[in-house]
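K.L.:
Chains as they are written, first to last, in this note's numbering: chain R, 86 to 559; chain S, 16 to 490; chain L, 32 to 143.
Treat the hints as calculated values from the structure; they're not laboratory data. Small disclaimer: the values here were computed from a predicted structure and weren't measured. Quick reminder that beta carbons are idealized off the backbone N, C-alpha and C, glycines included. Treat the hints with care, since some could be wrong.
Output of the computed footprint for chain S on chain R, the stretches with three or more beta carbons under 8 Å from beta carbons of chain S [as the list claims (entries may be wrong)]:
#: 1; segment: 132-144
#: 2; segment: 170-178
#: 3; segment: 181-192
#: 4; segment: 308-314
#: 5; segment: 339-347
#: 6; segment: 361-371
#: 7; segment: 432-439
In silico DSS-like cross-links for lysine-lysine, where the CA-CA straight-line distance does not exceed 30 Å [what the hints assert, rightly or not]:
#: 8; chain 1: S; residue 1: K428; chain 2: R; residue 2: K286
#: 9; chain 1: S; residue 1: K428; chain 2: R; residue 2: K523
#: 10; chain 1: S; residue 1: K98; chain 2: S; residue 2: K37
#: 11; chain 1: L; residue 1: K107; chain 2: S; residue 2: K285
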Amino acid sequence: MSDCNCEATENKPAEVKLVPRERAGIINPMYDCQPAGAQYAGIGVKDCIPLVHGGQGCTMFVRLLFAQHFKENFDVASTSLHEDSAVFGGVKRVEQGVMVLAQRYPNLRVIPIITTCSTEIIGDDIEGTIRLCQRALAEAFPGRTIHLAPVHTPSFKGSHVSGYAECMKSMVKTIAKKGTPTGKLNVFPGWVNPGDVMLLKEYLGKMDVDATVFMDTEDFDSPMLPGKTIETHGRTTVEDIEDSANAIGSLSLARYESGTTTKFLADEFQVPNYPVDTPYGIANTDAMLRKISEITGKPIPESLVRERGIALDALADLAHMFFANKKVAIFGHPDLVFGLAKFCMEVELEPVLLLIGDDQGNKYKKDPRIDELRAAADFDIEIVHNADLWELETRIKKGLKLDLIMGHSKGRYVAIDANIPMVRVGFPTFDRAGLYRKPTMGYKGAMELAETIANTIFAHMEYTRNKEWILNTW
Amino acid sequence: MPMVLLKCDSDIPERQKHIYLKGPDEDSTEFLPVANAPTIPGTLSERGCAFCGAKLVIGGVLKDTIQMIHGPLGCAYDTWHTKRYPTDNGHFNMKYVWSTDMKESHVVFGGEKRLEQSMNEAFDEMPEIKRMIVYTTCPTALIGDDIKAVARKVMKERPDVDVFTVECPGFAGVSQSKGHHVLNIGWINEKVATLEPEITSEYTMNFIGDFNIQGDTQLLQTYWDRLGIQVIAHFTGNGTYDALRGMHRAQLNVVNCARSSGYIANELKKQYGIPRLDIDSWGFNYMAEGIRKICAFFGIEEKGEELIADEYAKWKPKLDWYKERLQGKKMAIWTGGPRLWHWTKSVEDDLGIQVVAMSSKFGHEEDFEKVIARGQEGTYYIDDGNELEFFEILDLVKPDVVFTGPRVGELIKKLHIPYVNGHGYHNGPYMGFEGFVNLARDTYNAVYNPLRHLAGVDIRDEKPTVLPVKIREAA
Amino acid sequence: MEDKIEDLFDYVQVRCLWQFFSRTWDRQENIDGVLGKAYELFTGKEPSLKTPADKLYYADAKTMVADCLASFPWIKQASEAEIRQVLDGLKVRLVDNVITKSTNRELTHHLY
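Full structure from sequences and hints, please.
P.N.:
Structure follows, in structure tokens:
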């Protein structure tokens, strides 16, 4: 007698609920705070060292976080707020920090000055300080330009997701300059890995589209070279950012991570804003490519049709055999979670629980992707916003049956203790090797993600002796 | 000039007071780096904050205590999944972190109600946990939330819980060190002697300044078990909240990390007359000496010699195998502070390794007195080293291996220099006899890594580089 | 005599930690206590082990005495008076180095 594990017993419409975390406090936060996100945006720029205005932990913990994810060092400086500044104000430390950086790093061209909860509460006037700094820099280094971008990212608002968006916008606002039209397309993918940056650049290349990806983090996966040079830096230059104002349009791939920047470019510089749903999965990627083709007039090439076909072929091998009716929980950045939910449904996985980790619930209520899920789902979906990872853990403890968890590495013990297979996706993924190099977006990303899901489930079947003989011949 | 001004510091010449190159016949009365001083902004210093020193280093190690961080979510997120201190009860300390998720409204109207609610929720969600430490962070300190008052209220309403509070905003002091201090002094003034421990041996001690990194504390505990010594409290490796309340009853305080935990040892001596014995629990020879001293104190020297003889028989041959192959290799140590003086002479004596440069993030002048007394001439001693200084020093001393954190290790990897994780170890534990052999093994494997040779090959060269055929030996 | 004091001073600095405690009074107590017990052990006397402090100084001194006997042949030949002289000289040397001339700014702070 086979146990089909399916609950198809009655006809009722699927329910998609959006609920907040009910507890006031957090147990196991899903995100870091705003300054962390701001730093991630800053390190994507070439010849840039972000200066975090706050306690030393705001910088040091985040440098560690990046190192855990990428297995690389990134340069971020601190104004090292001490007690006297907390009492008397910290602007002198910003002035000193900027000057010390300028003196010791002669190639430095951009310094985002990132505020934290402490310096926002103290009320340090960053914009005023920047004016003072520019005067001092002009005197000390005539002829040299260092862009100082004010980034207001207190930790008691939003999360690293909104902090990233805020720093992106601030750097563009500070540096973008109206000039000769470039004929280029701005592409803002949001908070992604180098693997996704490389995939987007490859697609744009195949479509013969002249584009600039903001920020180009391809070199975050950097080599050991015979010449011993250190190349772990963002590739996006000051000139790239300047020219973002002169593009034919901005493609925003992440509503919550790049949307505010592309809107700014539209409002300020009349660069048309083209937001698309984050390209996770087949349909979202289709839509993105169609939009690029529409904006640029370039046709979608045969090679991408072929890549799409290869992905579909691989997915077809997995979907109804291994994925159908399997219940999945997904946690991570909001655009990632919504995108992956749709992808899951393309391959018959059931994303029954989605968790998004910050206080922007009012925005999520208006996200059209939730209505899309409601229309398409044939199973109930619970979406928890302002969620922490205890929300996931307690639901499992109270009986929620999951076949798969997809999320970042800080959720690992939930999966380990409940013995549920977990695929690491998003940020950070430090407990697995090399994930930053892989795409999650696009056809290739969808295919590789599906294959990782399959292989994870297969390994779990073997270690738990759960019908592992199915794989004897597949 | 013994105090060194590096080229990269020409614009910040005050750094010269912090970097010492030891010459012949000098001692630290003439030349001692200034330490525990304010950080220069913008230098890419390696320092962290006071909250880190309190929660991540000391308080968060406990295996039965809720770590309630009163502030926005980041301080909690950042101090979770960043340490390797297991416990014998399923690693409760590494699986969870708590935050009051402070928002703008709390900045304006105060966060005490939010704290109280979070504390109650935490106890309700985990009814088997009855102990908690509450930490302030930058914003909650700035707005002046009275966390002690909230803790008192919660304890009154829940008579079976106990709560300790630590005021350690990130901007306090100049580094992690202030956090150590505040927690130490707070604990002895408020919690020590609030509980009487059960005494199970005629020999009792506290082990202070060891945080069970990769099982260090548990390894050492096998020695104390064998010697019949009761460790009333571990401060704080694999430790419990209530054990720490009974520290006043120990006959002896054995201190490894004098930097993070010397304060409570001093106060226990001052307030309870408990003598403080400083040892090095890293180092093969040092471990034997430490055991001898502890046993001499208790008058059980014979048992100590038996233990040492057994451990030597088991581990010394392995250690010596590594010593033969590491003889003359050069090491740099860039860690918090005490490991500089724990390791510089022990790697030299036990493994033949020459330590050529050392940098301390948060050590005090006392730590430099110790390391300069133990360290060699021709070696650099650096307080609060920064990234550009590291590059210049590497060029000057050319170490074969650096003991430092993973991020710095991943930086120097580009220079084909291997690192061993000097904080959370590679494959530890590193304390005790067996631990030092683990340290030796990781060092050997780092130094004799074939990838170093492969990295130096440029495949565009006309004449291919000849690589050594055999690089490694079976241990 | 100077050489002999230097022998012991070098040993203590490289090997010991008790002379580097947190404050001037802690360092003075330890120096007095350990060297006091060391004298008794070098000269074959039975050290008093009444108080916890006694036992601690004994523990530190015992190791020091054993190491020094093994490393410095002159000690076995030294008379009680010579031992007294050397240890007194060592005390002066240590106090001078770790207390009087130390530039460690924390040594005189009255609180821990």
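K.L.:
If a hint holds in the structure, say so; if it doesn't, say that too.
P.N.:
Hint check:
With 7 residues having a beta carbon nearer than 8 Å to a beta carbon of chain S, the segment 132-144 of chain R meets the requirement of three or more and the stated coverage holds. Residue count for the segment 170-178 of chain R with a Cβ under 8 Å from a Cβ of chain S: 3. That meets the three needed, and the coverage hint holds. Residue count for the segment 181-192 of chain R with a Cβ under 8 Å from a Cβ of chain S: 8. That meets the three needed, and the coverage hint holds. Counting residues of the segment 308-314 of chain R whose CB lies closer than 8 Å to any CB of chain S gives 6, so the stated coverage by that chain holds, three being the minimum.
With a cut-off of 8 Å between beta carbons, the segment 339-347 of chain R has 0 residues touching chain S; three or more are needed, and the interface restraint is violated. Check on the segment 361-371 of chain R: 0 of its residues sit with their Cβ under 8 Å from a Cβ of chain S, so the three-residue criterion for coverage is violated. Counting residues of the segment 432-439 of chain R whose beta carbon lies closer than 8 Å to any beta carbon of chain S gives 0, which falls below the threshold of three, so the coverage claim is violated. With a C-alpha separation of about 28 Å, the suggested pair S/K428 and R/K286 falls inside the 30 Å cut-off, and the hint holds.
For a cut-off of 30 Å, the pair hint linking S/K428 to R/K523 stands: about 22 Å separates their Cα positions. Of the supplied pair hints, the one linking S/K98 and S/K37 is violated, its CA atoms being roughly 34 Å apart against a limit of 30 Å. The hinted pair formed by L/K107 and S/K285 fails the criterion: a straight-line CA distance of about 38 Å is larger than 30 Å.
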